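Peer 1: For reference, the chains in residue letters:
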Amino acid sequence: MTATWAWLVLLFPLLGSLTIGLTFKALPDRTAGLIGVAAIVAAFVCGVLALIGLQGEPSESRHVASSLWEYANVGGLKIDLGIYVDPLSIFMVLVVTGVSSLIHIYSYSYMKSDQGYHRFFSYLNFFVFSMLVLVLAGNFVMLIVGWALVGFASYALISYWYRRNTATKAGMKAFVINVIGDIGLYIAAILIFKNLGSVDYGTVFEKAPEVFSTNQWEIVAICLCLLVGAFAKSAQMPFHTWLADAMEGPTPVSSLIHAATMVTAGVYLIARCHTLFELAPTAADVAAFVGLATLLIAGTIALAVTDLKRIIAYSTMSQIGYMFVGVGIGAYSAGMFHLMTHAFFKALLFMAAGSIISAMANMQDIDKMKGFRKAMPFTAATLIIGALALSGFPGMSGWFSKDEIIDFAHFRRGMYDWMWVGMLIGALMTAIYSFRIIFRILPGPACEEAQYLIDKGHVIHGEPKNPATNEVEDTEVGYPGEEHHIAEQAGGMKFAMAILAFLSIVAGVLQIPGVDEVVTKFLEPTFENSVFAHMHPSTGEAWLGLTEGGLISIAGIAIAWLLYIKRPDLPGKFRQRFSAIHTLCVNKWYGDELVDFLVTNPVKAVGRFCNRVFERFAIDGATAGVAGLTRSAGAAVRDIQSGMLRGYALLMLFGILAIAVYFLIRSL
Amino acid sequence: MEEVAFFIGAIGALGAAAAVVALKNPFYSVLALVIHLVFLAGIFLLLMAQFLAASLIVVYAGAVMVLYVFVAAYVGGIEEPKWDASPELRVIGPIMAVALFVAISIAVLGSGLAALGTPGPDDIPAGFGTPEAIGHLMMEDFLIAFEAASLLLLVAAVAAIVLAGRRRGDKGSGTEQRKVLVKADEQANAQVAGNGEGA
Amino acid sequence: MLSSIIWTPLLFGLIGLLVPKRFAAWVAVFGAVITLGLSIGVLAGFDPDGGMQFVTDVNWIPGLGVDYSLGIDGVSIFLVLLTTVAWIPAICFSAIRGTERPALYYLMLLAGETSTLGAFLAQDLLLFVLFFDLMIVPFYFLFGIWGRDRGGEGDPEGSPGNGLVTVQSATLKMIVFTLIGSLLMLVGAIAAAVISADGGTITFSIQTIVARGLPGGSQNWIFWFFAAAFLVKMPAFPLHGWMPDAYRAAPLPALAVFSAVLSKVGAYGFLRVVLPMMPDASDLFQTTILVLAVGSIIYGSAMAFTKTDLRLVLGFSSVAQLGFITAGIFAFNSSGAEGAVLQMVNHGLVVVPAFLIVAMIAERTGSEELGPMGGLAKKAPVFAAIFLIVTMATLAIPASANFIGEFYILNGLFQVDAAWAIIASSGVALAAFYALRMYQLTMHNPLPDGADSRELSLRDALVLIPMVAIVVVLAFCPQLIVHSSEQAVDSSVAVVREVAK
Amino acid sequence: MDIEWYIVLSALLFTVGFIGVLVRRNPVVVLLCLELMLSAGALSLLAFSRMLGNQDGQVFVLIVLVVAACEVVVGLGLVVAMYRRRLPLDVDEMKELKG
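Residue numbers (numbering that gives the first Met the number 0), protein chains in the order written: chain A, 0 to 667; chain B, 0 to 198; chain C, 0 to 500; chain D, 0 to 98.
Hints are computed from structural coordinates only; laboratory data are not their basis.
Watch out, some of these pointers could steer you wrong.
Footprint (simulated), chain D over chain B, 3 or more residues, beta carbon under 8 Å [as the list claims (entries may be wrong)]:
hint: 1; segment: 17–24
hint: 2; segment: 35–46
Here's a subset of chain D near chain A, in silico, CB distances under 7 Å, partners left out [what the hints assert, rightly or not]:
hint: 3; residue: Val20
hint: 4; residue: Leu86
hint: 5; residue: Leu88
Source: prediction; values computed, not measured.
All C-beta atoms in this analysis are idealised placements derived from N, C-alpha and C, irrespective of residue type, glycine included.
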C-alpha cells in the first residue's frame, strides 16, 4: 500500500504537467493554475498517506522497494523502473511536496499577468515530478534520471523568460554544469555496478560493507564521483557559478530551485549513500571541507553583492554548505533537519523578496530600496521572520537546526574543531548579511516606488526592463507581464507566506535537544546501520552549543545594526579601506572567470582549433589531396583519351595481349 | 579430301580477308568480304554446321552485304587521304596484331587440351548442325537468349531509324533512308524466317 | 517475407513512374507505409531467442558461391524497423512540400530504402557488399539533382564547410570517398570468401565463412579493408572529409534518412561482418578503433559547437554519436554492443525529425545559419516543444532511451578500461552544450527582423509527432528493444571475447 | 582435319581483321573489318563446338550473327547520318568522345 501511495506521489505532478502542457489552448489560465496547485497538493496528501503506511511497519523493516517494470537489462546490469520508500525518502517527499504546494499557491497569484501561465505551471509541475523521481528512485540509474530531469526542468524554468539573452545564457550554464554533475553520477553508478554487480539501493548498501574495506580506492572513487554530482547540483565549490545566474528565472522558481528542492539534492544523495561514505571517510571529509569552504566564501559574497535575489542565492549556497558539513561529518539527521527548516525560511525569504521586487517594478538592487516597512507591512514582517530564522535567532527553527550541525562538529573533535570554528564564523556572517537586507530595505524614508505604493495604493508599473542589463523589453510573450503582484494584495501569496512564516518560527520544536527529537527518531531506521547513529552530544552539550549559536546570531544582528543603522558611513569606509577584498567579493571571488579560464576557454579553443586549423588543413587537405590525386590521375590518362577510335582499339589490343601473355607465362 | 577442302577454304577466306583490308575502294572491300564469307561457309560445312553455313550465305552474304553495298554506293567511293593522322598506328598496329596472333597460337598449340589435336569425336549425334537440331536448342534451351537477341534486333532497327531518319527541315530526299529502313526490316524478317526454318 | 520488405519500396517507386505526376508522392507514401506494415509483421513473428529467422536462401550465382540469402535476427530487426519508420516522414515531408520531377525523386528515395533494407537483411557477404554499394547510387542522384549550391554565407572566417559548396563538388567528394571504401570492401569480401574456402568450394555465406574462420594474418588486412568502408560511411573521424560539403548541399528530407539510417549500416557492418569474421584482428586492433571512436566523439562534439550551419551541427553531432556506437561495439561485451544497437535506433529516430525541423526553421527564417536566428518559439509553442524533446533526446538526457544506450556503452567501455569511459563521457557534456546551443539560438532569444515565427501546420505536425511519440515511448521502455536483440548482439561480440581470452 | 587448324585459321582471320581496324580510316571499311573479326570468332566457336560434339556453340554463333547484324544496322545508320550532315567520313575526325 505504501508503495502505491508513493507511485501516486509521482503520478500526480506528471499528470498535472502533461494536462497543463497539452491543454494550453483549451483551458483558461486560471484553471491551469488550479490544476497545477491541485496536482502538487494531491501529491502531498499521498505522501502523508505513504508516511502513515510506512509508520505502520515495524522499525527494522521500514522500507519498501517497488518496481513497475524492467527498464533495461543487459549483461547483468539490470535497471528497474523502481522506487525505494523509506523514512529518508518520505521525509524528502514531504518537504518537497509541502513547500512546493505553497510555492505553487504563491505562483498562482504572483504570475497572474505573465504571458506564459500554462507553460510556467507545466514546467513547475514537471520540476516537482523530477525532484520526486530523484528522491524516490530505487536504484542509481533512476536516481540519475531524476537528477537529470531536475536539471532539465531547472533549465526550462531559469530560461523561462526565454527572450532575455541573459536568461537563456543562465539556463545554458546551469544545464551544462548539471550535466557535468550527471557524468559524475554515471561513472559512480558504473563503478558501483562493476564492484557490486547491481545498482539497486537495497543490494548495494547491503553488499558494500562486505566488499569494500575502509578507504579502499574503489569506494573512495565512487564517493568522489557521487560528490561531483552532488556539488554540481547543490552549487558547491567549484561548481557553484550557475546558481547566482539562475536568478534570471521568475521568483517562485528561485525559491523552488533554491529553497526546497533542487539544491538540496546533493545533501540527500550523501545521506542516502551514507553507507558508502562511511566506508570512504576520506570522501566524506572532502564533502565536509568543500561544504565549509563554500559556506565561508558564499557568506563573504553575500555580504558584498547588492542584488537582492543574489544575496539570498549566495546565502543558500552557504546554508547548503552547512548541510554538506552536516552529512559529511555524520550528523545525518541534523543535516536533513536543517534541510527542512532551510526549505521553509529560504522559500519565505524568496517570496518576500519577490514581493518587494514586484513593488520595485522588477528592480533588484538593494541600494535603490528603502522604507518598505510602511509600504508593505506584511512582507516586511515575513522578511524579518525569515531573516531571524536564517541567522539562527534563539527560538527560531534555524537556531535548532544549524546549531545542531555546528555542535556535532565540535563533538567529533580533532580536525573537526576547525570546522566548528569555521562554521561559527559563517554563522556570524549569516546573521550580518541577513540583517543587512532587513536594515537596508525596511527602515528609513520610503524610496520612490515605496512612496508610490503608499500614496496610490497600487504597485508602480514601470517600463519593462531586463533587470540585469536594463534593456527595454517588449511584453508580448515570454516576459513577465506589466502588472506586478505583491503579497499585500494577493491572497494566495499572503497565504503561502503566512504558513511558511509560521513554520519558520515553530519548526524547531520538532528537534529540541533532550525533549523530543522527532526528526532523529523518524529517520532512525534509515541511519540505523550508521556508525554515527548512536553518537550524539549529550543534552547539556547540545544546549551549550545552542547558547553559543544564539549569542553569535545576536552579535551578528547587532553588528549589522551598527553598520547599517547606527553608522551608515562605516560600510563605505570599510569598502575603501579593504577595496581589494571588496572587489574580490563583489566579483564572486572570480569564480566565473576561473571557470572560463580553466574550462570554457580551453574547450572553446579546442573547438576553434578543430574548426580552423585541423578541419581546414588536415581533413580538407586530405580530402583535397584525394581529389587532387584523382584529378592528376585523370590528367595523366586524359592524353590517352585522344578520341582516336583506332587508338582505343590499339589500347584494347595491348590489353588483350597483356592478358594472353600473362596466362602464357603463368602456364610455363 | 577434307584437308584439300579446308586449305582451299582457308586460303580463300584469308585471301579475301586480306583484300578487304587492302583494297582502297570500300565498294571492292565489300565485295571481297562477300567472297570471304562464301569461303567461310565452306569451312563451316567442314565443321558440320550446315544450317549455319546456309544462314551465313543467305543472311550475311545475301542480306547484310547488300546493305553494305547500298551504303557504300550511297556514300560513294571515298579515297582515303594519303596523310595519316597517326602514322605510328600503321606500324605498331600490325606488329601488335601479329604478336597477338603468335600469342594465341602458342596458347592453342601449347594448351593441354588433348582434344585439340583430334578432328573431334566421331560419335556425334545424328543430325548434328541440322536446322532441326539447332531449332530445338533455340526454342528449348536458349529461349531467353533467343528472345533477347530478337529484342536487340528490334531496338537496333529503331535505332537505325532514329539515327538515319530525316530531321525536321532536312532537305535530303527520303528514298535512301527509306531503303535503310527497308533493309533493316528485311534483316529482321530474314532472321525470323531463319529461325522459323529451324523450328 | 523479407524479400517483399526489400523490394516493395522499389516496386512502388516504379509504379510512381507510371501514374500521373501528382499522384507519385502518394504512391510513394503508400509504398513506404506498406513496407512499414510488412516489417511490423516480421516483428510480430519474431522470436528473440530464435537466432536467424525468416531465412530465404536461393542459389544466385552458383559458380561463385553467391546466394540470394536473407535473414533477420536481433541485431538487424530494429534497424530494419528504423529504416521503414524513418523513410515515412521523409517521404511525407517531401510530399507535402512537393518537389521537381517527383516521380524520379520518389523512385530514388524508395530505391534508397530498398538497398538499405537489403544491406540490413543480406546474409551473404557479396549480397551485402552489393546492397551496400547500391545505397550510395540513389543518394548520389538525390543530392546531385535536388541538392543546391551553397554560398559562403554567415562565416567571416571562411572556415571549411562554411565556404562555397557546389553540388557537383560535394557529390563528387562523397562518391569518391565511399567508392574507395566500397571497393576495398569488395576486395576484402572476395578475399575473405576465397581464403576461408582454403581450396574447397567458395561460398560467400557469412555464417559459413564465420564457421570456417580466417587465418590470423589475412584477418589483419581484410579487417582494415572492411573497416575503411564502414568508417567512411559512418563517417568517423578522420574519414569524414566528405561529410560537411555533402550535408550542406543535400536536400533535407533525403539527408534526414541518409544521416539517420545509412550511417548505421557502417556500424551494423562491424557487428554483422567484422567482429564474427575477424575476431583476432578485431581484438588486435581494438585500441586503434577505440582511439578513432573516442576521437570521433571529442572531435565531432568540438566541431558541433563551433559550427553555425544547422546541418553541420547535426552532422557533426552524428559523428560524435557514431563514435559512441563504434566504441560500444568495440568494447566487446554485451553491455557495450547492446548499448550501441540501442543507440543506433535512438539516434536514427532523433535525427530524422531534427533534420525536418531544420527544414521548417529554414522556411521560417530563410536561412540555416544560427547566427541571425532566434526567438522562433514566440508564436510556435508546439513547434518549440517538439524541437525541445528532440534536442533533449539528442543530448541523451537521462530518461530518454538515448541515455540508456549511452549508459550501457559507457558501462561496456568501463569494463575495457576506465580511461575510455571517462574520456568518452566528456562527449556527454559537450553534447549538452551543442544541442542546447542549437535549440536556444533558434527558438529562444529575441526574434530578429525578417524571421517569421509561425506554428507548425497540421500536416507538418502529423509528420513530426509520430516520430517524437516513438522517441517518448522508447524512453519509457528501452527494454522493448534490448530484450529482443540482446541474445543476437551478444553472440556477435562473444566470438571476439572468446578470442581475447 | 584437327581442330587446331581451325583455331589457327580463326586467329589469323582475327588478326587480319584487327589490322584492318587499326589501319583503315573509312568507317565503312572499319565495319567490314569488324565483320571479319566476328566471323573469326564464330569460326572458333564452331570449332570448339565440333571438338566437344555439342551444338550449343552453334546456337551462339547464330546469336553472334544476329548481334553482328544489329551492329551493322546501327553502324551503317551512323555512317549515313554522318554523310547527310556533311561530316567527313574518317574515323580519326570523330573525336567528340574525347574526355
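Peer 1: List in ascending order the numbers of the hints, as given earlier, that are violated by the structure.
Peer 2: 4, 5
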